[in-house]
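Participant: Let the sequences and hints guide you as you build the complete structure.
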Amino acid sequence: MKPHRQKRLGIILFIAVGLSLAVGLTLFALRQNINMFYTPTQVAAGEVASGVQFRIGGMVKAGTIQEDQGSLRVSFVTTDYASDVPVQYEGILPDLFREGQGVVAEGQIDSAGVFHASKVLAKHDENYMSPEVKAALDAAGASPENHMMQPET
Amino acid sequence: MNWTWFHKLGSPKWFYELTSKWLPWLIGAMVIFLAVGVVWALLYIPPDYQQSYTTRILVIHVAVAGTSLAFFPLMAVAGTITLVWRMKLADMVAKNAAPLGAWFSFITLATGSLWGSVMWGTWWEWSDARLVSMLFQFFLLVGVVALRSALEDNDTAARACALLSIVGCINVVIIKYSVEWWNVLHQPSSPLSMSGESANGPEFWVPTVVMIVAVYLFFAVSLILATRNEILQRERKAAWVQELVSKA
Chain A
1 MKPHRQKRLG IILFIAVGLS LAVGLTLFAL RQNINMFYTP TQVAAGEVAS GVQFRIGGMV
61 KAGTIQEDQG SLRVSFVTTD YASDVPVQYE GILPDLFREG QGVVAEGQID SAGVFHASKV
121 LAKHDENYMS PEVKAALDAA GASPENHMMQ PET
Chain B
1 MNWTWFHKLG SPKWFYELTS KWLPWLIGAM VIFLAVGVVW ALLYIPPDYQ QSYTTRILVI
61 HVAVAGTSLA FFPLMAVAGT ITLVWRMKLA DMVAKNAAPL GAWFSFITLA TGSLWGSVMW
121 GTWWEWSDAR LVSMLFQFFL LVGVVALRSA LEDNDTAARA CALLSIVGCI NVVIIKYSVE
181 WWNVLHQPSS PLSMSGESAN GPEFWVPTVV MIVAVYLFFA VSLILATRNE ILQRERKAAW
241 VQELVSKA
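Residue numbers (the working numbering), protein chains in the order written: chain A, 1 to 153; chain B, 1 to 248.
Everything labelled a hint here was simulated from the structure, so no lab data went into it. Since we're looking at a predicted model, the values are computed, not measured. Heads up, a few of these hints could be off.
As the list claims (entries may be wrong) - Think about it this way: if two alpha-carbon atoms lie no more than 25 Å apart in a straight line, the pair counts; the simulated DSS-like pairs of lysine-lysine are:
#1 B:8 / B:88
#2 A:2 / B:88
#3 B:8 / B:237
#4 B:88 / A:7
#5 B:237 / B:21
#6 A:7 / B:8
#7 B:8 / B:21
#8 A:61 / A:119
#9 A:134 / A:61
#10 B:13 / B:247
#11 A:2 / B:8
#12 B:237 / B:13
Facilitator: Structure below.
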C-alpha cells in the first residue's frame with residue numbers, strides 16, 4: 001500500500017475508534033435514562049420518588065388480577081419474582097395482557113406503594129411455539145422459563 | 001503484496017460485465033425464494049400459543065430488519081475504499097445503497113409498528129431504545145441521501161457521505177444490542193431450535209431463513225441494477241459504453 005493511502009486509512013480508523021469510544025462511554029453514563037422501565041425491585045428499594053411519572057416493568061403475578069364489574073377498572077400485582085408492586089388501572093388493556101405475561105405500565109406511585117397506571121402495555125418474550133408444542137412442553141414440565149423480568153444481579 | 005486484483009475490482013467495466021452474467025441467476029433465485037418465503041410465511045406458519053397468527057408478521061419483519069442492518073457496514077466499506085483508494089465503483093455502490101437502505105428501515109418500522117399495535121397495545125414508544133435507534137438509522141440514511149444531493153461536486157459528496165456512513169456503523173451496533181443492554185419493550189432475538197418439540201422450532205425458523213435469503217437476494221439485485229445504471233450514466237463517454245449503447 002502506498003504511504004499516502006496508509007495515512008488516510010490510519011486517519012479513518014482513528015476517527016472510527018475515537019467516535020465509538022465516545023458514543024460508548026456516553027451511552028454507559030446514560031444507561032439508567034435509556035432503560036425504558038424500573039423493575040419492582042428497584043421501586044421497592046426506593047430508587048424512584050413518589051409523585052414522579054415513570055414506567056414499571058414486571059410480570060403479572062398469577063391470581064392477582066381483579067376486574068371491576070361494570071367499569072374498566074382493574075388491579076393486579078406486578079412482580080420480578082423478588083419484589084411485588086400493586087398496580088391500579090382504568091382503561092383498555094392489550095389483548096396479550098394475562099397472568100404470567102410481561103407488562104410495562106406508565107404512571108405514578110403513591111405513598112402507600114400502589115402504582116396508578118395511565119397506560120399498560122404488554123411485553124412478550126422471544127419464544128414462539130404452536131399451541132400443540134406448548135401443551136406438550138407443559139405436560140413434560142419443560143416449558144422455557146420466562147427470563148424477561150428477572151431482577152438485575 | 002500485489003494489489004492488481006484489488007484495482008481490477010474497482011473497474012466499472014469489469015463490474016458491468018460480471019453482473020451481466022450473474023443477474024439472470026440472482027433474479028431467478030430471488031423469485032423462487034420470495035415466492036416460497038411469502039406463501040409459506042403468510043399461509044402455512046402455525047399460530048403461536050399466545051399471539052395466534054400475528055407472528056406471521058415476524059417473518060417479514062425479521063428478514064427486512066436484519067437486512068437493513070447490512071447497509072451501513074456495506075456503505076462504510078465502500079466509503080473507506082472511496083476515501084483511501086478513490087475508486088469510482090465503490091462510490092457508485094454506496095450512493096445507490098443509501099436510498100435502498102432507507103426503504104428497508106422504513107418497512108422495518110412499519111411492519112414492527114403494525115405488530116406492536118396488535119400485541120403490545122401501542123404503535124410507537126419513544127422510550128424503547130430498539131425502536132428509537134431503528135428510527136435513527138432511517139433518518140441517518142435519509143440524511144446520507146440528502147447530503148449527497150446537497151453537495152454539487154461529486155468527489156466532495158462522495159467523501160462526505162463516506163465519512164457519515166462510517167459513523168453510522170456505530171448505530172448498527174446500538175440497534176443490535178439495544179435489547180440486551182437496556183430494559184425495553186421489544187423482545188430479544190429468538191434462539192433457533194433444531195427440534196420441533198421446543199420453542200422456535202423449524203416450523204417457525206425455516207420459513208424465516210427462506211425469507212431472509214429472499215430479502216438479501218432482493219437487496220443484491222436492486223443494488224446491482226441501480227449501480228449498473230449509475231455506471232452507464234457516469235461512464236457514458238467511455239468507449240465501451242458507447243459501443244454497448246450503439247449495439248442495443
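Participant: Hints first: check each against the structure and report whether it holds.
Facilitator: Okay, the hints, checked on the actual structure:
Using a Cα cut-off of 25 Å, the hinted pair residue 8 of chain B and residue 88 of chain B holds, with the two alpha carbons roughly 12 Å apart. Restraint check: the Cα-Cα separation between residue 2 of chain A and residue 88 of chain B comes to about 18 Å, which is no more than 25 Å; the hinted pair holds. Proposed proximity of residue 8 of chain B and residue 237 of chain B is supported: the alpha carbons are some 20 Å apart, at most 25 Å. For a cut-off of 25 Å, the pair hint linking residue 88 of chain B to residue 7 of chain A stands: about 20 Å separates their Cα positions.
A C-alpha spacing of about 23 Å is found between residue 237 of chain B and residue 21 of chain B, which places the hinted pair at or below 25 Å, so the restraint holds. A hinted pair counts as satisfied when its Cα atoms are at most 25 Å apart, and residue 7 of chain A with residue 8 of chain B qualifies at roughly 22 Å. Of the pairs offered as hints, the one joining residue 8 of chain B and residue 21 of chain B holds, with about 17 Å between alpha carbons and a cut-off of 25 Å not exceeded. Restraint check for residue 61 of chain A and residue 119 of chain A: the C-alpha separation of about 18 Å stays at or below 25 Å, so the hint holds.
Restraint check for residue 134 of chain A and residue 61 of chain A: satisfied, since their Cα atoms lie roughly 20 Å apart, inside the 25 Å limit. Under the criterion of a C-alpha separation no larger than 25 Å, the hint pairing residue 13 of chain B with residue 247 of chain B is consistent with the structure, at around 16 Å. Distance hint between residue 2 of chain A and residue 8 of chain B is fulfilled; the C-alpha atoms sit about 17 Å from each other, no more than 25 Å. Distance hint between residue 237 of chain B and residue 13 of chain B is fulfilled; the C-alpha atoms sit about 13 Å from each other, no more than 25 Å.
The earlier numbered hints are all upheld by this structure, with none contradicted.
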